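Engineer: What follows is each chain in one-letter form.
Number of protein chains: 2
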Amino acid sequence: MAPTPETLTAERILEATEEVLRRHGPAKATVVDVARALGVSHGSVYRHFRTKAALREAVIKRWLDRTTDELAVIVEDGTRDPETRLRDWLAALFEAKRRKAGDDPELFATYMVLAGENGTVVAGHVEELTGQLERIVEAGVSAGVFGGVAPAEAARVLFQATGRFHDPCYAGEWTLPSADGDFRAAVEFLLRALRVR
Amino acid sequence: MAPTPETLTAERILEATEEVLRRHGPAKATVVDVARALGVSHGSVYRHFRTKAALREAVIKRWLDRTTDELAVIVEDGTRDPETRLRDWLAALFEAKRRKAGDDPELFATYMVLAGENGTVVAGHVEELTGQLERIVEAGVSAGVFGGVAPAEAARVLFQATGRFHDPCYAGEWTLPSADGDFRAAVEFLLRALRVR
Numbered sequence: 001m002a003p004t005p006e007t008l009t010a011e012r013i014l015e016a017t018e019e020v021l022r023r024h025g026p027a028k029a030t031v032v033d034v035a036r037a038l039g040v041s042h043g044s045v046y047r048h049f050r051t052k053a054a055l056r057e058a059v060i061k062r063w064l065d066r067t068t069d070e071l072a073v074i075v076e077d078g079t080r081d082p083e084t085r086l087r088d089w090l091a092a093l094f095e096a097k098r099r100k101a102g103d104d105p106e107l108f109a110t111y112m113v114l115a116g117e118n119g120t121v122v123a124g125h126v127e128e129l130t131g132q133l134e135r136i137v138e139a140g141v142s143a144g145v146f147g148g149v150a151p152a153e154a155a156r157v158l159f160q161a162t163g164r165f166h167d168p169c170y171a172g173e174w175t176l177p178s179a180d181g182d183f184r185a186a187v188e189f190l191l192r193a194l195r196v197r
Numbered sequence: 001m002a003p004t005p006e007t008l009t010a011e012r013i014l015e016a017t018e019e020v021l022r023r024h025g026p027a028k029a030t031v032v033d034v035a036r037a038l039g040v041s042h043g044s045v046y047r048h049f050r051t052k053a054a055l056r057e058a059v060i061k062r063w064l065d066r067t068t069d070e071l072a073v074i075v076e077d078g079t080r081d082p083e084t085r086l087r088d089w090l091a092a093l094f095e096a097k098r099r100k101a102g103d104d105p106e107l108f109a110t111y112m113v114l115a116g117e118n119g120t121v122v123a124g125h126v127e128e129l130t131g132q133l134e135r136i137v138e139a140g141v142s143a144g145v146f147g148g149v150a151p152a153e154a155a156r157v158l159f160q161a162t163g164r165f166h167d168p169c170y171a172g173e174w175t176l177p178s179a180d181g182d183f184r185a186a187v188e189f190l191l192r193a194l195r196v197r
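Keeping their order, the protein sequence lines are chains B and V. Heads up: the first sequence at position 52 corresponds to 52 in UniProt numbering, and the numbers run straight through without jumps. Heads up: the second sequence at position 126 corresponds to 126 in UniProt numbering, and the numbers run straight through without jumps.
It should be emphasised that the hints constitute simulated quantities derived from the structure, not laboratory data. Hints are not guaranteed to be accurate.
For chains that are exact copies, the list does not tell them apart, and a pair is met inside one copy or across any two.
[As the list claims (entries may be wrong)] Calculated cross-link-like contacts (lysine to aspartate or glutamate; reagent style DMTMM-like; alpha-carbon spacing at most 25 Å):
| no. | residue 1 | residue 2 |
| --- | --- | --- |
| 1 | 52 | 15 |
| 2 | 100 | 18 |
| 3 | 28 | 88 |
| 4 | 97 | 83 |
| 5 | 28 | 11 |
| 6 | 100 | 81 |
| 7 | 28 | 182 |
| 8 | 100 | 167 |
| 9 | 97 | 188 |
| 10 | 97 | 19 |
| 11 | 100 | 57 |
| 12 | 28 | 77 |
| 13 | 28 | 81 |
| 14 | 52 | 182 |
| 15 | 97 | 182 |
| 16 | 52 | 180 |
| 17 | 52 | 104 |
| 18 | 61 | 188 |
| 19 | 97 | 167 |
| 20 | 52 | 134 |
| 21 | 28 | 15 |
| 22 | 52 | 19 |
All of these numbers come straight from a predicted model, not from anything done at the bench.
Chain B with its partners taken away, still in its complex shape:
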């Protein structure tokens, strides 16, 4: 028996949408497709997401938020010194993106289409990540190990300067044998700029 509309949560709908996207690509995942996959009426789905655009926006936001939530743990971790937090944060971001791109390239490509359609969501994601970096830089300034730069500006530079290791347009380079060495060299170089003299 199909699940009743009462059991429907936004989260279940988003899971089903991801599954529809995985199977059929970015052209699909209309509200009707998703309702069919869940065995419910499209009216039930519309109660949670009023349009196809709203559904697609929610699904890309959920996908991006998974990374943000994972990284927030590092920002909060007072047991690691700020330099370690920065290294670990950048490594975790690179690893998360590389995993997403490598484990399921078709779904990754689909999410890239959705990202292209939802510039505001992506801009919000970048802002959140930059905000996390800013807090790590601030922690370093408070601890007296980083200095000479405004944390907000440093965070923006750090995010942009490491684009090669998280921006999907470089996904093709992430599996090169040189990728990990390039990443480590970039992080050590950027840390030199941050350290107090």
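Chain B is already provided as a structure; the job is to place chain V on it using the hints.
Structural biologist: For chain V alone, kept in the frame of chain B given last:
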């Protein structure tokens, strides 16, 4: 009267090829199209470029070499101190790419298709540019103003960390009001990492 085959140089063929690409897009620019544009037989063109692939490779190489040659002047300019040379070099690269993308977006898109077909030529271009950066860093180390990093590694980091300001995948961001401020902040941040302490 059409020019005789004797007047044909590789350079004239490449100019005509660029013009054919500009008018008809990347699917065009076969040897026959170019020969017709020049009013010569395709045999005359084949004497210089034995295949369509060789012609397309030469035309993208010529396009990339224009930037390399422009930047080489800065590397050689002993009247500028190494820090100024590095600032000017990165600014000139950003400006050259932004100009190419902005002045003729369709030709730029065409060249991106050619770049995708000619990975080896693009890799050689990146190697030449990184080599130029390495010479500037070496000059700074010799002058005692840069230190603490191996010039070859620093050059590679500098090139990759400034990808946002020269990699065509960011062409859409180059006209944002924030682009120049982001560029200056990145360059000043990277210079901090290079300076001797």
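Engineer: Look at each hint and say if it fits the structure.
Structural biologist: Structure-based check of all given hints:
In this assembly of identical chains, residue 52 and residue 15 lie within 25 Å of each other by CA distance solely inside one copy; the values are 15 Å within and 48 Å between copies. Taking the shortest alpha-carbon separations for residue 100 and residue 18, only the intra-copy value of 13 Å comes in at or below 25 Å, while the best inter-copy value is 39 Å. Taking identical chains as interchangeable, the C-alpha atoms of residue 28 and residue 88 are never at most 25 Å apart, the minima being 37 Å within one chain and 48 Å between chains. With identical chains, the CA atoms of residue 97 and residue 83 are at most 25 Å apart within one copy only, with a shortest distance of 22 Å there and 34 Å across copies.
Taking CA atoms no more than 25 Å apart as the test, residue 28 paired with residue 11 passes inside one copy only; the shortest distance there is 19 Å, against 49 Å between copies. Taking the shortest alpha-carbon separations for residue 100 and residue 81, neither the intra-copy value of 28 Å nor the inter-copy value of 44 Å comes in at or below 25 Å. Proximity of residue 28 to residue 182 under the C-alpha cut-off of 25 Å is found in neither arrangement, the shortest distances being 38 Å within a copy and 37 Å between copies. For the identical chains of this complex, residue 100 and residue 167 are neighbours both inside a copy (12 Å) and across copies (23 Å), given an alpha-carbon limit of 25 Å.
For the homomeric pair residue 97 and residue 188, the shortest alpha-carbon distance inside one copy (20 Å) is at most 25 Å, but the shortest distance between copies (28 Å) is not. In the homo-oligomer, the alpha carbons of residue 97 and residue 19 lie at most 25 Å apart inside one protomer (19 Å), although the nearest pairing across protomers, at 40 Å, exceeds that limit. For the homomeric pair residue 100 and residue 57, the shortest alpha-carbon distance inside one copy (18 Å) is at most 25 Å, but the shortest distance between copies (34 Å) is not. In this assembly of identical chains, residue 28 and residue 77 lie within 25 Å of each other by CA distance neither inside one copy nor across copies; the values are 40 Å within and 57 Å between.
Taking identical chains as interchangeable, the C-alpha atoms of residue 28 and residue 81 are never at most 25 Å apart, the minima being 46 Å within one chain and 57 Å between chains. For the identical chains of this complex, residue 52 and residue 182 are neighbours neither inside a copy (41 Å) nor across copies (35 Å), given an alpha-carbon limit of 25 Å. In this assembly of identical chains, residue 97 and residue 182 lie within 25 Å of each other by CA distance both inside one copy and across copies; the values are 16 Å within and 24 Å between. In this homomeric assembly, residue 52 and residue 180 never come within 25 Å of each other (Cα to Cα): the closest approach is 39 Å inside a single copy and 37 Å across copies.
For a Cα distance limit of 25 Å, the shortest separation of residue 52 from residue 104 inside one copy, 24 Å, qualifies, whereas the shortest one across copies, 36 Å, does not. For the identical chains of this complex, residue 61 and residue 188 are neighbours neither inside a copy (31 Å) nor across copies (33 Å), given an alpha-carbon limit of 25 Å. In this assembly of identical chains, the alpha carbons of residue 97 and residue 167 lie at most 25 Å apart whether taken from the same copy (8 Å) or from different copies (19 Å). When the C-alpha separation of residue 52 and residue 134 is checked against a cutoff of 25 Å, the pair qualifies neither within a copy, at 35 Å, nor between copies, at 51 Å.
Only within a single protomer do residue 28 and residue 15 lie at most 25 Å apart by alpha-carbon distance; the minimum there is 14 Å, versus 45 Å between protomers. Within a single copy, residue 52 and residue 19 get their C-alpha atoms as close as 15 Å, which meets the 25 Å cut-off; across copies the closest is 44 Å, which misses it.
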